[in-house]
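Chains A and B, in that order, are what the protein sequence lines are. Heads up: the first sequence runs through residues 0 to 132, numbered per numbering that gives the first Met the number 0. Heads up: the second sequence runs through residues 0 to 220, numbered per numbering that gives the first Met the number 0.
FYI, nobody ran anything at the bench for these hints, they're computed from the structure. Where a beta carbon is used, it is the ideal one built from N, C-alpha and C, also for glycine. Heads up, some of the hints might be wrong.
Computed list of chain B residues with no C-beta within reach of chain A, every gap over 10 Å [to be verified]:
{"#": "1", "residue": "53"}
{"#": "2", "residue": "62"}
{"#": "3", "residue": "83"}
{"#": "4", "residue": "109"}
{"#": "5", "residue": "138"}
{"#": "6", "residue": "191"}
With the C-beta cut set under 10 Å, the calculated list includes, among others, these residues of chain B facing chain A [said to hold, decoys possible]:
{"#": "7", "residue": "5"}
{"#": "8", "residue": "8"}
{"#": "9", "residue": "10"}
{"#": "10", "residue": "13"}
{"#": "11", "residue": "16"}
{"#": "12", "residue": "18"}
{"#": "13", "residue": "19"}
{"#": "14", "residue": "45"}
{"#": "15", "residue": "96"}
{"#": "16", "residue": "126"}
{"#": "17", "residue": "133"}
{"#": "18", "residue": "157"}
{"#": "19", "residue": "158"}
{"#": "20", "residue": "161"}
{"#": "21", "residue": "189"}
Below, computed lysine to any residue pairings styled on SDA-like, alpha-carbon distance capped at 25 Å [stated by the list, open to error]:
{"#": "22", "chain 1": "A", "residue 1": "17", "chain 2": "B", "residue 2": "9"}
{"#": "23", "chain 1": "B", "residue 1": "155", "chain 2": "A", "residue 2": "93"}
{"#": "24", "chain 1": "B", "residue 1": "155", "chain 2": "A", "residue 2": "102"}
{"#": "25", "chain 1": "A", "residue 1": "17", "chain 2": "A", "residue 2": "32"}
{"#": "26", "chain 1": "B", "residue 1": "155", "chain 2": "A", "residue 2": "105"}
{"#": "27", "chain 1": "A", "residue 1": "17", "chain 2": "A", "residue 2": "81"}
{"#": "28", "chain 1": "B", "residue 1": "155", "chain 2": "A", "residue 2": "81"}
{"#": "29", "chain 1": "B", "residue 1": "155", "chain 2": "A", "residue 2": "64"}
{"#": "30", "chain 1": "B", "residue 1": "155", "chain 2": "A", "residue 2": "103"}
{"#": "31", "chain 1": "B", "residue 1": "155", "chain 2": "A", "residue 2": "90"}
{"#": "32", "chain 1": "B", "residue 1": "155", "chain 2": "A", "residue 2": "97"}
{"#": "33", "chain 1": "B", "residue 1": "155", "chain 2": "A", "residue 2": "110"}
{"#": "34", "chain 1": "A", "residue 1": "17", "chain 2": "A", "residue 2": "50"}
{"#": "35", "chain 1": "B", "residue 1": "155", "chain 2": "A", "residue 2": "74"}
{"#": "36", "chain 1": "A", "residue 1": "17", "chain 2": "B", "residue 2": "12"}
{"#": "37", "chain 1": "B", "residue 1": "155", "chain 2": "A", "residue 2": "70"}
{"#": "38", "chain 1": "B", "residue 1": "60", "chain 2": "B", "residue 2": "138"}
{"#": "39", "chain 1": "A", "residue 1": "17", "chain 2": "A", "residue 2": "49"}
{"#": "40", "chain 1": "B", "residue 1": "155", "chain 2": "A", "residue 2": "82"}
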Amino acid sequence: MAGVHEFSIADALSTQVKLHAPAGKRVREVEIRVGALRGLEPEAMRMCWQAVTLDTVLAGSELVIDLLPWTLTCPTCGRVWDSPVPFADCVCGETAPTPTASDELDLMSLTVEEEEGSEVDAGANPSVAEKAS
Amino acid sequence: MSEPANTTRVPIVERVLEANDQVASTTRAELERRGIFAVDIIGAPGSGKTALLEATLRALKGRRRPAVLVGDLATRRDGDRLARWCDQVVQISTGQGCHLEAGEVRDSLAQIDLETVDLLLIENVGNLICPVGFDLGQAAKVGVFAVTDGDDKAAKHPYLVQAADLLLLNKIDLLPYVPFDRAAFQADIRLLNPTVPTLDVSATTEEGLDAWLAWLERGTA
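For reference, chain A alone in the conformation it holds in the complex (with noise of 0.2 Å):
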């Protein structure tokens, strides 16, 4: 089921990230950042990146994802650290520390060519640079 969730998130960014490029403009890469509580799988999530992409003016495009930990809070020793799992035991012997993370899901950023960027891919994938205006 991993997959299929990643996809309708991947669909949802694509439409989204159509809305914000800048018109004419070829869009190399999109940033998202992803909070723990999400459960992303970044490679699952790369994967539906490119298929839904495909054949589309994002084509090509790279997406980062900059995913954000876990924070574990240990009731015992009051350490406070970052992890990429929920449960983890503390270096003093805690077994239970709390466990706290974000279900932010945002598009930070988009890298796009500028003018002369375009005409040099534009022999590459020539329906790119129709489609984008």
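Given the structure of chain A, go ahead and fit chain B onto it with the hints provided.
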């Protein structure tokens, strides 16, 4: 990253599911205006969501005026089961979609006579992951776990545990027959969400059903 000099970074900062969330907000406002308590019920396939709703609808007959939206990948079976107990059931076939989205709920509500309803039960597609992040316009999210699924399911689905307004542990009539460590299950939930209420139920024997019905009735009061 070796970017060529001819690129520009355009800052945006906007929620990816903004479009879905906007539709959900409109739905929520409309349901609140009408005094309809909407509950999004999320659980794994086979956790007993439909059986629980059957028992719920049977018990609420004459006490509340429910309508039901049922999300399913392909079949109409769940909708047909629930239609025996409730006049207003809309089946939403999501096709490939692993969760309901706000637009599907909004469109399905057009098929319901909302004037005659005070409780909207939304059975999401059987899945513990995807439905959690998609706002439908509900007033409350309910997570359904089953003892037959194992005691590690809460720990493996932290988003649902943190986002839920109520967690149900279903099929407790089967506790004598399956390995299920209730203390470990509860401890995981408390670490992830210290305040969420939890209820034990059996849709089959109706044990614990009264507390669940009371929770629903408080929402519609």
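Results for each hint:
1. 53: Holds: least Cβ distance 25 Å, greater than 10 Å.
2. 62: holds, 35 Å
3. 83: holds, 29 Å
4. 109: holds, 23 Å
5. 138: holds, 19 Å
6. 191: violated, 6 Å
7. 5: Constraint on residue 5/B satisfied, holds at 4 Å.
8. 8: With a minimum Cβ separation of about 5 Å from chain A (threshold 10 Å), the hint on residue 8/B holds.
9. 10: For residue 10/B, the interface hint holds, since the closest Cβ of chain A sits about 5 Å away, which is under 10 Å.
10. 13: holds, 5 Å
11. 16: Nearest chain A Cβ about 6 Å off; hint holds.
12. 18: Cβ of residue 18/B sits 7 Å from chain A, so the hint holds.
13. 19: Constraint on residue 19/B satisfied, holds at 7 Å.
14. 45: violated, 14 Å
15. 96: holds, 7 Å
16. 126: Cβ of residue 126/B sits 6 Å from chain A, so the hint holds.
17. 133: holds, 8 Å
18. 157: holds, 5 Å
19. 158: holds, 5 Å
20. 161: holds, 6 Å
21. 189: holds, 9 Å
22. 17/A with 9/B: holds, 13 Å
23. 155/B with 93/A: holds, 20 Å
24. 155/B with 102/A: Holds, at about 16 Å.
25. 17/A with 32/A: holds, 18 Å
26. 155/B with 105/A: holds, 24 Å
27. 17/A with 81/A: Distance ~34 Å between residue 17/A and residue 81/A Cα, so the pair is violated.
28. 155/B with 81/A: holds, 18 Å
29. 155/B with 64/A: The given pair, whose Cα atoms are some 22 Å apart, holds under the 25 Å limit.
30. 155/B with 103/A: holds, 19 Å
31. 155/B with 90/A: holds, 23 Å
32. 155/B with 97/A: Judged against 25 Å, a Cα distance of about 15 Å means the pair holds.
33. 155/B with 110/A: violated, 35 Å
34. 17/A with 50/A: Holds, because 15 Å separates the two Cα atoms, which is no more than 25 Å.
35. 155/B with 74/A: holds, 22 Å
36. 17/A with 12/B: holds, 15 Å
37. 155/B with 70/A: holds, 17 Å
38. 60/B with 138/B: Holds, at roughly 22 Å.
39. 17/A with 49/A: holds, 15 Å
40. 155/B with 82/A: Judged against 25 Å, a Cα distance of about 15 Å means the pair holds.
The structure shown violates the earlier hints numbered 6, 14, 27, 33.
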